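**Q** Position chain B relative to chain A; hints supplied.
Protein chains: 2
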Amino acid sequence: MADFQFKIHFLDKKTKARVGEIKTAHGVIKTPAFIPVGTKASVKSLTNAQLAEIGVQCFFVNTYHLYLQPGEEVVNKLGGLQQFIDWEKPLMTDSGGFQVFSQARNNKFGGYGVRVGEEETLCRIDEEGVTFKSFKDGSVHRFTPEKSMEIQQKLGADIILAFDECTYYPATEEYAKRAMERTHRWALRCLTRMSNVKCQMSNLKKQRPQALYGVVQGSVFKGLRKESAKFTGNLPFEGLAIGGVSVGESKKEMINVLDWVIPLLPKEKPRHLLGVGEIDDIFALVERGVDTFDCVMPTRLGRMGQVLKMSNDKCQMTNVKWTMDITKAIYKDDRRPVDKGCQCYTCRNFSRAYLNHLFRSQELLAYTLASYHNLWFLERLLEEIRESIPAGKFLELKQRWLK
Amino acid sequence: MADFQFKIHFLDKKTKARVGEIKTAHGVIKTPAFIPVGTKASVKSLTNAQLAEIGVQCFFVNTYHLYLQPGEEVVNKLGGLQQFIDWEKPLMTDSGGFQVFSQARNNKFGGYGVRVGEEETLCRIDEEGVTFKSFKDGSVHRFTPEKSMEIQQKLGADIILAFDECTYYPATEEYAKRAMERTHRWALRCLTRMSNVKCQMSNLKKQRPQALYGVVQGSVFKGLRKESAKFTGNLPFEGLAIGGVSVGESKKEMINVLDWVIPLLPKEKPRHLLGVGEIDDIFALVERGVDTFDCVMPTRLGRMGQVLKMSNDKCQMTNVKWTMDITKAIYKDDRRPVDKGCQCYTCRNFSRAYLNHLFRSQELLAYTLASYHNLWFLERLLEEIRESIPAGKFLELKQRWLK
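Chains as they are written, first to last, in the numbering used here: chain A, 1 to 403; chain B, 1 to 403.
Treat each hint with caution, since some may be false.
It does not matter which identical chain is meant; a pair holds if it fits inside one copy or across any two.
Lysine-lysine pairs mimicking BS3-like chemistry, simulated, CA-CA at most 25 angstroms apart [unchecked claim]:
(1) Lys7 / Lys77
(2) Lys269 / Lys13
(3) Lys7 / Lys154
(4) Lys44 / Lys328
(5) Lys147 / Lys332
(6) Lys44 / Lys13
(7) Lys393 / Lys222
(8) Lys332 / Lys77
(9) Lys30 / Lys44
(10) Lys321 / Lys77
(11) Lys154 / Lys332
(12) Lys328 / Lys136
For the record, the hints were derived by calculation from the structure and aren't laboratory data.
Given the structure is predicted, the values throughout are model-derived calculations rather than measurements.
Excised from the complex, chain A in its bound form (with noise of 0.2 angstroms):
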């Protein structure tokens, strides 16, 4: 793993923050850091061109979805996933294992492998795996540890994460401490097959190392938490993920989690956190020494007409802090842009009125250029508070944005 390194920096004085960086193969993610989510390898509605330009450091694109379309021997054909979208820097995949068992949940049956009556949910797990219908055509595919292992090696990564059990919310505890050590189990079989891939590669000297994180699950309970931390930290995975942390529990039981979890972690690997990205939680995970998160919010958000501002702003219309409705009728003939301290692209040059025209109209174009804004937005937001920490300011910007 000679291209994969972790150095931290600077650790805050108050707080467990730390700002360092992650260097891969396709060049350095400095840390704290937002992944922003390109689900189908593609960050929706920006080309690479203005994802550069925003400053995005790395994207993350779900195994799952790929597997489906266009299938990871195409995207291996093609020379990897950074070819085959043209992304020159690092890239992160996930296991597959939350879609298939959001799939599930999202099932109107719910559960896992419960047979009712002529119904049946989408995915049934057993030791070996989950064997799963496609959200697109109910075909049946069937993921295990090593085939989530051959998927992401063939996708080409510069991260990828082990596969996991994503416990769905609310579970007995009973439940999440199978589901926990079906998933430990499951960490020791990717390290099994990724160190064999490895053994090989030297070997051929044909393709590059990718860095394999571990995933820490165990629910909301804090004995399965600290001790899926401790046995997941001591693998010799390249860095942590926290997994089962956007499913549903509230941002006081996902701080508890961050709480439990992270003191238990290796401090010298990096820590990413599945799924989570509002502003709130952005200071409180990296307050709590979580180096990399990865959300689909700032888009999902930005192509609902919801752009992100400071919550001081008095223009400020709805209850949700830090966002604007752009599409709402007082916007009409605002001349102003979204945030006249922005230096983006969309705040440079166009007005709220127009953002209000593009989404009432269902312009394509007003999905760009919110979407383009609102990660604009958290890039800066992070480079802030990557230099707030050295500056030992970090708890003095997080009480100027959460006041």
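**A** Showing chain B alone in chain A's frame:
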């Protein structure tokens, strides 16, 4: 109209093709020029920065759509179209007439002003103007020549069009004559209204004048077309548009119309053809002396996954000349760019396989990349055409493209 000038730089010796430039207050349009359509004040899926990269010189906005949303008052309050959409180059609006009539034509009961039981067609025409129902909410509106001028004045494009009756196809000669005569009377009312406006403006020195183009109608009838060309060509319009040639008639009929009309139009004024722009059409209309033309084709085809290519490419899979259906399974793992000779952002960076994947995944980026390529392709073709004429090679170029 000091701001508006048309200069002819070169006349082809073998055809009626001509090279020139239209000077407007917002810059120059080199002719012959393709004018992309941005119906609702956005060329679909593309930012202005991308349009500028592509080399778009001017685009076409539909008055009918902007009147309904956000309303001309809003655009005017924001400083006019150019400011509203942050486009510093020339813009053109139509009169609203085409949409008013095409809405009625597309109504299941067809015809104009006909009441069938409780149902009513979407527009009713009288000498004064047209009453129509919004395609959005059924609300009732009325356009007159004066109202169209007023709206277009408030929108503020550099080139605007007289309010005409766009004859449906097929129409009887009797109906086409009545409609043409009404269009002629309306042309005079538009000129009257605009000369009053210009008079006021030159006193107030308040607003930039706009160039008004008259519209030649007469359906597919030689006598009517010639009469309309003579009548409209003799009025003090700044330019002439040819209407009613993209309403369902054949390409042969369109060419007939050009052959009848253009020789009767004043040579010194620019000529615009409304709603035409397929590759073979482009050569036909340039050859006959058309200077500018607008069409939704490249962007609409792009959004459908139809990308433009030279017709002699061996990979072309469709029967339609000059397009390739990038959504077809054959491109699933095709690592080549859409067009290997093309220098556009899409072709420089992405494979057919990635475009295929984006379309199959219904990713918004698909529409952006395909529209970008298609507009780039047409802009380069028009550049080639503009160069070929002074070089005496226009017919040679045509032959190469149409073989």
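**Q** A separate judgement is required for each hint: does it hold in the structure or not?
**A** Hints and how they fare:
| no. | hint | in the structure |
| --- | --- | --- |
| 1 | Lys7 / Lys77 | neither (33 angstroms within a copy, 54 angstroms between copies) |
| 2 | Lys269 / Lys13 | within (19 angstroms within a copy, 75 angstroms between copies) |
| 3 | Lys7 / Lys154 | neither (27 angstroms within a copy, 59 angstroms between copies) |
| 4 | Lys44 / Lys328 | both (23 angstroms within a copy, 22 angstroms between copies) |
| 5 | Lys147 / Lys332 | between (52 angstroms within a copy, 22 angstroms between copies) |
| 6 | Lys44 / Lys13 | neither (38 angstroms within a copy, 50 angstroms between copies) |
| 7 | Lys393 / Lys222 | neither (31 angstroms within a copy, 80 angstroms between copies) |
| 8 | Lys332 / Lys77 | between (49 angstroms within a copy, 11 angstroms between copies) |
| 9 | Lys30 / Lys44 | within (23 angstroms within a copy, 35 angstroms between copies) |
| 10 | Lys321 / Lys77 | neither (45 angstroms within a copy, 30 angstroms between copies) |
| 11 | Lys154 / Lys332 | between (48 angstroms within a copy, 16 angstroms between copies) |
| 12 | Lys328 / Lys136 | between (34 angstroms within a copy, 18 angstroms between copies) |
Of the numbered hints listed earlier, those contradicted by the structure are 1, 3, 6, 7, 10.
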